[in-house]
Amino acid sequence: MDFIQLLASGLANGCVYGLIALGFVLIYKATEAVNFAQGDFMMLGAFICVGFANEDFLGWSFWTAVPLSIFFMSVFGYLFNWGVLRHMFGRSQTAIVILTIALGFILRFAAGTIWSHEPVSLETPYAGKDVSFGGVVLGIDEILGVIVTIILTISLFIFFSKTKLGLAMQAASQNQLAAYYMGIPVKRIQSMVWGLSGAVAAVAGILFASKGAIDPSAGLLGIKAFAAAAIGGFGSLPGALLGGLIIGIVEPLSSRYAPPGVSQIAPYAILLVVLIFRPGGIFSQTQKKKV
Amino acid sequence: MSNQSKNKTEVILKIDNLESYYGPIVAIRGVSLEVREGQIVTVLGANGAGKTTLLKTISGVMDPEKGTISFLGNQIQGQEPDRVVRSGIVHVPEGREIFPILSVAENIELGAYTKSDKASIAADLEMVYSYFPILKERRSQAAGTLSGGQQQMLAIGRGLMSRPKLMLLDEPSLGLSPLLTQEIFEIIRRLNQEQKVTMMLVEQNAKVALNAADYGYVMELGRIVMEDEAETLNNSKDVQEFYLGVNQEENQRGQKRWKQRKTWR
Ligand SMILES: Nc1ncnc2c1ncn2[C@@H]1O[C@H](COP(=O)(O)OP(=O)(O)OP(=O)(O)O)[C@@H](O)[C@H]1O
Ligand SMILES: [Mg+2]
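Sequence lines, in order, name chains R and Z. Going by the numbering used here, the residue at position 131 of the first sequence is 131; the numbering climbs one at a time, nothing skipped. Going by the numbering used here, the residue at position 251 of the second sequence is 251; the numbering climbs one at a time, nothing skipped.
Looking at chain R on its own, in the form it has when it is part of the complex (with noise of 0.2 Å):
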């Protein structure tokens, strides 16, 4: 019963690893530049929403709140490049990383002054209520974590494998200078690329601030989710999502069942381990690639 029941409340935490790190992917495998500020994107989504649905705040409908934070992320998202990053065109890899983490430190910062660093929690209709199977009780926000995970899924891929759009996704990421040859606008696809992931952090944010409580550095498990981004082997989608429920679902566990202090340090064991055994990831695409 005690397995099953911090299973679950694992899976739902890697649910939020997962969406994070699927942000990190997104905007690597489009643009070749890693967002550090992803964790704060996720931050900030959720501190948006808060601010939309809390009673000490707006107090608006919660189901007004969500889609409408989910927007401002991703609007958020395709100004930070369509304004900053795009002008840093051709600089080094490293003056883009250090203006996402810089980038966060000001999302951070932003979030302390606008809603104070005092934790808070989403206030949703389905606040505190649960359910139990045969002794095993599931918080209707963890089932609602994972339901809404295997939605965005299945829509991300049915988006990048039918539609005309995420087609030039995925081929702007492939092959830069042929998608500008066939005439896809790689600049504005890669913008759209930062507001989708911009869209799913705040989803993200949403489910996390929803089951606990959130506060302006939360941003900071971003690195966990780069960790489950790195598991996943950095170039795949799955993978990624893979790497979330994997780090996830061992950390409850590992603080469960093994000497204290192991499950802080499980995520990056783990990517350790899979770094040595499987240097590309888990999901690792170079073999498909050289062919």
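The set of hints was computed from the structure by calculation and includes no laboratory data. Glycine residues also receive a C-beta, built at the ideal position from the N, C-alpha and C atoms. Incorrect hints may appear among the rest.
Short, incomplete list of chain R residues facing chain Z, as computed with Cβ under 10 Å [what the hints assert, rightly or not]:
no., residue
1, 161
2, 167
3, 168
4, 170
5, 177
6, 178
7, 179
8, 180
9, 181
10, 182
11, 183
12, 186
13, 187
Computed far set for chain R versus chain Z, every beta-carbon distance over 10 Å [said to hold, decoys possible]:
no., residue
14, 132
15, 133
16, 154
17, 213
18, 257
Within a straight-line C-alpha distance of at most 27 Å, the following computed DSS-like cross-link-like pairs (lysine-lysine) qualify [claimed, not checked]:
no., chain 1, residue 1, chain 2, residue 2
19, Z, 115, R, 162
20, R, 162, Z, 136
21, R, 187, Z, 66
22, Z, 165, Z, 196
23, R, 187, Z, 165
24, R, 29, Z, 115
25, Z, 115, R, 187
26, R, 187, R, 162
27, R, 164, Z, 136
28, R, 162, Z, 118
29, Z, 165, R, 164
30, R, 187, Z, 118
31, R, 164, Z, 118
32, Z, 115, R, 164
Assemble chain Z with the ligands onto chain R, guided by the hints.
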């Protein structure tokens, strides 16, 4: 120039005094040329002559420092590549540059990115498959697993999907057997005649290119050093000696002008 007067069609591409740089390195300097509607025009030149740079500057992935490119009467130099494609120019790049992990069919569909009329896209797809039946056969295979020749066919077929008035072809014979090169050039000629696609063809393989072309330019160190009807170039002693590998022992001292740079195959 010479006997260019027979069946003169309209000039659709006119390049004037074009200059492009890679950072401080000048790659093409003061290139001027014309392409007439319905023609196959070839640009010959050794490695590093600046042929690819010229095509990249036309298709908009590089911006020129100086000079103008006018296409169908509009100046297009410095425009973003997607606008250039929409205006009717497509660039089939050197080394194919396909999308390796997408399927053959997806690659071809992406060629029609600038088009939105579903029915005419479907018709164009059938047209592409009729020229390249092998692509239809392999349509669900990952493009990266095609052979070099098939990838070249894919690159041309993908380019056709934008319904170009002018196709820029960068070394379609690169890495292909002589037989396959003949086959590809035969298709290029058919596309030119049957689909009315004007071709600007960059080649190191001067023999094949001049056989297919109506008119030719020769580039050296970023400049155009010679131009004429393809047939005339084919018979020219300079071109024969340095580009067609014809031995002219009896005439060794008579040749001037060309620096000895036989770096091609
Ligand atoms: N990315 C680049 N950066 C710097 N210099 C470059 C770059 N690409 C090409 N060049 C230089 O510009 C000149 C022209 O190159 P270009 O690729 O246009 O030649 P080319 O005629 O297409 O040669 P090839 O037949 O080998 O393809 C060469 O001297 C080359 O070294
Ligand atoms: Mg070249």
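Cross-check of the supplied hints:
1. Checking residue 161 of chain R against chain Z: minimum C-beta separation of about 9 Å stays under 10 Å; hint holds.
2. For residue 167 of chain R, the shortest C-beta to C-beta distance to chain Z is roughly 6 Å, which falls under 10 Å, so the interface hint holds.
3. Interface hint status for residue 168 of chain R: upheld, as the beta-carbon distance to the closest one in chain Z is roughly 6 Å, under 10 Å.
4. The criterion of a C-beta within 10 Å of any C-beta in chain Z is met by residue 170 of chain R, whose closest approach is roughly 6 Å, and the hint holds.
5. A cut of 10 Å between beta carbons decides the hint on residue 177 of chain R: the least distance to chain Z is about 6 Å, and the hint holds.
6. The criterion of a C-beta within 10 Å of any C-beta in chain Z is met by residue 178 of chain R, whose closest approach is roughly 4 Å, and the hint holds.
7. With 10 Å as the threshold, the beta carbon of residue 179 of chain R comes within range of chain Z, its nearest partner Cβ sitting at about 8 Å, so the hint holds.
8. The criterion of a C-beta within 10 Å of any C-beta in chain Z is met by residue 180 of chain R, whose closest approach is roughly 4 Å, and the hint holds.
9. The restraint placing residue 181 of chain R at the interface with chain Z holds, with a minimum CB-CB distance near 5 Å, inside the 10 Å limit.
10. For residue 182 of chain R, the suggested interface contact is upheld, since its CB lies about 5 Å from the closest CB of chain Z, less than 10 Å.
11. With its C-beta approaching chain Z no nearer than about 3 Å, residue 183 of chain R sits inside the 10 Å limit, and its interface hint holds.
12. Contact between residue 186 of chain R and chain Z, as hinted, is supported at the beta carbon level, the nearest pair being about 8 Å apart and thus within 10 Å.
13. About 8 Å separates the beta-carbon of residue 187 of chain R from the nearest beta-carbon of chain Z, less than 10 Å, and the hint is met.
14. For residue 132 of chain R, the requirement that its beta carbon stay farther than 10 Å from each beta carbon of chain Z is met, with the minimum near 45 Å.
15. Distance check for residue 133 of chain R against chain Z: the nearest CB is about 41 Å away, which clears 10 Å, and the non-interface claim stands.
16. Interface exclusion of residue 154 of chain R from chain Z stands, the closest Cβ pair being 20 Å apart, more than 10 Å.
17. In this structure residue 213 of chain R is separated from chain Z by more than 10 Å, as the shortest Cβ-Cβ distance comes to about 42 Å.
18. At roughly 40 Å, the least C-beta separation between residue 257 of chain R and chain Z is larger than 10 Å, which holds for a residue marked as non-interface.
19. Note on residue 115 of chain Z and residue 162 of chain R: the hinted pairing holds, with a Cα-Cα distance of about 17 Å set against a maximum of 27 Å.
20. For the proposed pair residue 162 of chain R and residue 136 of chain Z, the alpha carbon gap of about 19 Å is at most 27 Å, so the pair holds.
21. Simply put, residue 187 of chain R and residue 66 of chain Z have alpha-carbon atoms about 25 Å apart, close enough for the 27 Å limit, and the pair holds.
22. Taking the CA atoms of residue 165 of chain Z and residue 196 of chain Z, the gap is near 7 Å; set against the 27 Å cutoff, the hint holds.
23. Distance hint between residue 187 of chain R and residue 165 of chain Z is fulfilled; the C-alpha atoms sit about 25 Å from each other, no more than 27 Å.
24. Of the pairs offered as hints, the one joining residue 29 of chain R and residue 115 of chain Z holds, with about 25 Å between alpha carbons and a cut-off of 27 Å not exceeded.
25. The hinted pair formed by residue 115 of chain Z and residue 187 of chain R meets the criterion: a straight-line CA distance of about 19 Å does not exceed 27 Å.
26. Note on residue 187 of chain R and residue 162 of chain R: the hinted pairing holds, with a Cα-Cα distance of about 21 Å set against a maximum of 27 Å.
27. With a C-alpha separation of about 20 Å, the suggested pairing of residue 164 of chain R with residue 136 of chain Z holds against the 27 Å cut-off.
28. Taking the CA atoms of residue 162 of chain R and residue 118 of chain Z, the gap is near 15 Å; set against the 27 Å cutoff, the hint holds.
29. Proximity of residue 165 of chain Z to residue 164 of chain R is assessed by CA-CA distance (about 24 Å); at most 27 Å being required, the pair is judged to hold.
30. Taken as a hint, the residue 187 of chain R and residue 118 of chain Z pair is honoured in the structure, with Cα atoms around 25 Å apart against an allowance of 27 Å.
31. For the hint pairing residue 164 of chain R with residue 118 of chain Z, the CA-to-CA distance comes to about 12 Å; that is within 27 Å, so the pair holds.
32. For the given pair, residue 115 of chain Z sits about 11 Å from residue 164 of chain R by alpha-carbon distance, which is consistent with the 27 Å threshold.
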